[in-house]
Amino acid sequence: MTISRRQLLGGAALGLGGAAVGVGATSAVAASTAAPAPAQGRETEPFFGRHQSGIQTPAQAYAAFAAYDLGSDATRETVGRLMRLLSDDAARLTQGEPALADLDHELSMSPARLTITFGFGPNFFNIIGRPDQRPASCAPLPAFRIDALQQEWSGGDLLIQVCGDDPMSVSHARRMLWKDSRFLATQRWLQKGFLDARGSQDTGATPRNLMGQVDGTVNPKTMEQFDSRVWSDGSPQWFDGGTMLAVRRIAMNLDTWDAVSRADRENTIGRRLSDGAPLTGSTEFDAPDLAKVDARGVPVISDFAHIRRAHTGGGAPFLRRGYNYDQGVTAKGTSDAGHIFTAYAADLTKQFLPVQQTLADQDLLNIWTTPIGSAVFALPPGASEGGWVGQGLLE
Amino acid sequence: MFTFQRVTRARLPVLAAVVFSAAIALSGCGSDSESGSDSAESAAVEVTDAWVRTSDGPMTAIYAVIDNTTDADITIDSAANTASSITELHEMAMIDGEMVMQEKAGGVVLPANSEVVLQPGGDHIMAMGMTGPVQVGDEIEVTLTLSNGQTVSFMAVGKESAAGDEEYHGGDDMEMNGDME
Numbered sequence: 086m087t088i089s090r091r092q093l094l095g096g097a098a099l100g101l102g103g104a105a106v107g108v109g110a111t112s113a114v115a116a117s118t119a120a121p122a123p124a125q126g127r128e129t130e131p132f133f134g135r136h137q138s139g140i141q142t143p144a145q146a147y148a149a150f151a152a153y154d155l156g157s158d159a160t161r162e163t164v165g166r167l168m169r170l171l172s173d174d175a176a177r178l179t180q181g182e183p184a185l186a187d188l189d190h191e192l193s194m195s196p197a198r199l200t201i202t203f204g205f206g207p208n209f210f211n212i213i214g215r216p217d218q219r220p221a222s223c224a225p226l227p228a229f230r231i232d233a234l235q236q237e238w239s240g241g242d243l244l245i246q247v248c249g250d251d252p253m254s255v256s257h258a259r260r261m262l263w264k265d266s267r268f269l270a271t272q273r274w275l276q277k278g279f280l281d282a283r284g285s286q287d288t289g290a291t292p293r294n295l296m297g298q299v300d301g302t303v304n305p306k307t308m309e310q311f312d313s314r315v316w317s318d319g320s321p322q323w324f325d326g327g328t329m330l331a332v333r334r335i336a337m338n339l340d341t342w343d344a345v346s347r348a349d350r351e352n353t354i355g356r357r358l359s360d361g362a363p364l365t366g367s368t369e370f371d372a373p374d375l376a377k378v379d380a381r382g383v384p385v386i387s388d389f390a391h392i393r394r395a396h397t398g399g400g401a402p403f404l405r406r407g408y409n410y411d412q413g414v415t416a417k418g419t420s421d422a423g424h425i426f427t428a429y430a431a432d433l434t435k436q437f438l439p440v441q442q443t444l445a446d447q448d449l450l451n452i453w454t455t456p457i458g459s460a461v462f463a464l465p466p467g468a469s470e471g472g473w474v475g476q477g478l479l480e
Numbered sequence: 002m003f004t005f006q007r008v009t010r011a012r013l014p015v016l017a018a019v020v021f022s023a024a025i026a027l028s029g030c031g032s033d034s035e036s037g038s039d040s041a042e043s044a045a046v047e048v049t050d051a052w053v054r055t056s057d058g059p060m061t062a063i064y065a066v067i068d069n070t071t072d073a074d075i076t077i078d079s080a081a082n083t084a085s086s087i088t089e090l091h092e093m094a095m096i097d098g099e100m101v102m103q104e105k106a107g108g109v110v111l112p113a114n115s116e117v118v119l120q121p122g123g124d125h126i127m128a129m130g131m132t133g134p135v136q137v138g139d140e141i142e143v144t145l146t147l148s149n150g151q152t153v154s155f156m157a158v159g160k161e162s163a164a165g166d167e168e169y170h171g172g173d174d175m176e177m178n179g180d181m182e
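Taken in sequence, the protein lines are chains A and B.
Position 239 (the first sequence) corresponds to 324 in our numbering; numbering is contiguous.
Position 155 (the second sequence) corresponds to 156 in our numbering; numbering is contiguous.
Think of the hints as simulated: they come from the structure by calculation, not from any bench.
There may be inaccurate statements among the hints.
To be verified - If the Cβ cut is set under 8 Å, some of the chain B residues that face chain A in the computed set are:
{"hint": "1", "residue": "Asp50"}
{"hint": "2", "residue": "Met156"}
{"hint": "3", "residue": "Val158"}
{"hint": "4", "residue": "Lys160"}
{"hint": "5", "residue": "Ser162"}
Claimed, not checked - Derived CB-CB ranges, DEER-like:
{"hint": "6", "chain 1": "B", "residue 1": "Met100", "chain 2": "A", "residue 2": "Glu191", "range": "15 to 25 Å"}
{"hint": "7", "chain 1": "B", "residue 1": "Ala94", "chain 2": "A", "residue 2": "Arg161", "range": "39 to 49 Å"}
{"hint": "8", "chain 1": "A", "residue 1": "Gln286", "chain 2": "B", "residue 2": "Ala94", "range": "51 to 61 Å"}
{"hint": "9", "chain 1": "B", "residue 1": "Thr71", "chain 2": "A", "residue 2": "Asp189", "range": "26 to 36 Å"}
{"hint": "10", "chain 1": "B", "residue 1": "Ala73", "chain 2": "A", "residue 2": "Gly156", "range": "46 to 56 Å"}
{"hint": "11", "chain 1": "B", "residue 1": "Gly98", "chain 2": "A", "residue 2": "Gly156", "range": "42 to 52 Å"}
{"hint": "12", "chain 1": "B", "residue 1": "Ala106", "chain 2": "A", "residue 2": "Asn211", "range": "53 to 63 Å"}
{"hint": "13", "chain 1": "A", "residue 1": "Gly472", "chain 2": "B", "residue 2": "Gln136", "range": "16 to 26 Å"}
{"hint": "14", "chain 1": "A", "residue 1": "Gly214", "chain 2": "B", "residue 2": "Ala106", "range": "29 to 39 Å"}
{"hint": "15", "chain 1": "A", "residue 1": "Ser157", "chain 2": "B", "residue 2": "Ala164", "range": "45 to 55 Å"}
{"hint": "16", "chain 1": "A", "residue 1": "Ala221", "chain 2": "B", "residue 2": "Thr83", "range": "57 to 67 Å"}
{"hint": "17", "chain 1": "A", "residue 1": "Glu309", "chain 2": "B", "residue 2": "Thr71", "range": "51 to 61 Å"}
To be verified - Short, incomplete list of chain A residues facing chain B, as computed with Cβ under 7 Å:
{"hint": "18", "residue": "Arg127"}
{"hint": "19", "residue": "Arg166"}
{"hint": "20", "residue": "Leu170"}
{"hint": "21", "residue": "Leu185"}
{"hint": "22", "residue": "Ala186"}
{"hint": "23", "residue": "Phe268"}
{"hint": "24", "residue": "Val385"}
Each residue gets a CB set at the ideal place from its N, CA and C atoms; glycine is no exception.
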């Protein structure tokens, strides 16, 4: 791990120069003496690289997805200045360093695998005067009959996804990035989500959603799978190494789900609750046997089970990296909880949309779930050291 | 276990250039310099994390971390910048029980082998007589003239900050303005 020289030299500077350098330097020294965070808090994920972090990165415990609208002052020039500043903030914050001009140094010292990931919405490309550079699948999703979309959870010009294992550093980073965005942007929506706390489950275990289901079994795992399913190979060229993201807020009716037996819950998905194995298999990662029938000739995995529909809908695999949300109960006393569904794919139209259409047409799970928000963003490739996210598009 | 890593602090391409006044540099750099060798002189001070508070008014403040890498104290005698006609070195000082901003007599001393942090509420570089606004993300060039004869130039990036609003509250009024969230 690293520690800034300023921290180490703080005491010396006070001793040598306290009288000479006056009030400012003295207070800086006093602010720099906090002890290093424990090991887990100091863990970092890279900011610079071919791809943005926060996508292939093993999912952290907490996430904040913030969507901004860009105001009338937004041009390619001003948005470029914005992205340059935000990239600098992110490069520092993810490495446990305060952002430039941030006086709350201590709130940056436990990054705990903080990642900050940027995305551009469909209208972003019009705003910067480069509509021809919009990746083809960076467009609002078509309406599905299951949708009950609310504007307050939908759309947006700029996405900032902040993930980390410590909700304190996630919160601080989210606010720091907002402070550097507000000259040009307003917040459209903020979705905060969670998974298991770091260390409470085996590393790499597939997380559960709030319906108790193991959720995300078929995700890409190898570099080859990420290259073929997630990362764009450059269409358009500036997007090489980027990915598309669909964020959908899925409300779960946990009150009616409570009335369902465990057997029917398993039939709804086609997987066992205990370990996520398909009802035709013995471990989570066994392929489901969709042809298998029981002694009476009835399919073991029901005709309208979620995994049968998902497997037969065409499309191609993509990355899911969702988070749960829990707002307690509504004013009417019903559950207000669900899932921040995310699909990361090189091409949403080819990979995600066919699956989504099939599930929207028929899926037992739809009885208890309702999409209430939907947004699509193009996540640019990562920046190299000294560069910034979006540079290839905005410069 | 610990590495002394500076590079993480200079994410924005802060351009630090050392410019020598030839005559002074020769007299100040020891016998080796007399040889006429054009090997690069090492900078006596390194500047990182430089920023300027955004402004559309007559004044603003510039902040940075300044590292004196030499074994001798160095004084910043004066400063200049590309966004204003006048540049002064200021300090916050307690006078008659009140914190006030004033020009720093004798310049800013950089103790040997130490870093000095110019930050809101402390020593800072004051830009007065602005020639135009400084917007978020703008870069201005700042030049420091040092007591050892060197000048050091660097770029400072414009950032919004509610802190250190010296131009409005530097006198006897230290209450916060209305920009707080």
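Going down the list of hints, with the structure as the test:
With a cut of 8 Å, the hint placing Asp50 of chain B at the interface with chain A holds, because the nearest CB-to-CB distance is about 6 Å. For Met156 of chain B, the suggested interface contact is broken, since its CB lies about 12 Å from the closest CB of chain A, more than 8 Å. The closest approach between the C-beta of Val158 of chain B and any C-beta of chain A is roughly 7 Å, which is under the 8 Å cut-off, so the hint is satisfied. For Lys160 of chain B, the interface hint holds, the least distance from its beta-carbon to any beta-carbon of chain A being 4 Å, beneath 8 Å.
About 5 Å separates the beta-carbon of Ser162 of chain B from the nearest beta-carbon of chain A, less than 8 Å, and the hint is met. Restraint check, Met100 of chain B to Glu191 of chain A: a C-beta distance of roughly 23 Å satisfies the suggested window 15 to 25 Å. Distance hint check: the CB atoms of Ala94 of chain B and Arg161 of chain A are about 45 Å apart, consistent with the given range 39 to 49 Å. Between Gln286 of chain A and Ala94 of chain B, the C-beta spacing of about 56 Å keeps the proposed range 51 to 61 Å intact.
A C-beta distance of roughly 32 Å is found between Thr71 of chain B and Asp189 of chain A, which places it inside the suggested range of 26 to 36 Å. Checking the proposed 46 to 56 Å range against Ala73 of chain B and Gly156 of chain A shows it holds: the Cβ atoms sit about 51 Å from each other. One distance hint, 42 to 52 Å for the beta-carbon pair Gly98 of chain B and Gly156 of chain A, holds here, with the actual separation near 44 Å. Ala106 of chain B and Asn211 of chain A have their C-beta atoms about 55 Å apart, which keeps the hinted 53 to 63 Å range intact.
Range check, Gly472 of chain A to Gln136 of chain B: Cβ separation about 21 Å, and the 16 to 26 Å hint holds. Range check, Gly214 of chain A to Ala106 of chain B: about 52 Å between beta-carbon atoms, so the 29 to 39 Å window is missed. Distance hint check for Ser157 of chain A and Ala164 of chain B: the Cβ-Cβ separation is about 28 Å, which falls outside the suggested range of 45 to 55 Å. Checked against the given bound of 57 to 67 Å, the beta carbons of Ala221 of chain A and Thr83 of chain B, roughly 43 Å apart, lie outside it.
For Glu309 of chain A and Thr71 of chain B, the Cβ-Cβ distance of about 53 Å falls inside the hinted range of 51 to 61 Å, so the restraint holds. About 11 Å separates the beta-carbon of Arg127 of chain A from the nearest beta-carbon of chain B, more than 7 Å, and the hint is not met. For the restraint placing Arg166 of chain A at the interface with chain B, the shortest Cβ-Cβ distance is roughly 3 Å, inside the 7 Å limit, so the hint holds. At a threshold of 7 Å, the smallest CB-CB gap from Leu170 of chain A to chain B is about 5 Å, leaving the interface hint in force.
With a cut of 7 Å, the hint placing Leu185 of chain A at the interface with chain B holds, because the nearest CB-to-CB distance is about 5 Å. The restraint placing Ala186 of chain A at the interface with chain B holds, with a minimum CB-CB distance near 4 Å, inside the 7 Å limit. Proximity of Phe268 of chain A to chain B holds as hinted, the smallest CB-CB distance being about 5 Å (cut-off 7 Å). The criterion of a C-beta within 7 Å of any C-beta in chain B is not met by Val385 of chain A, whose closest approach is roughly 55 Å, and the hint is violated.
Hint compliance for this structure: hints 2, 14, 15, 16, 18, 24 are broken, all remaining hints hold.
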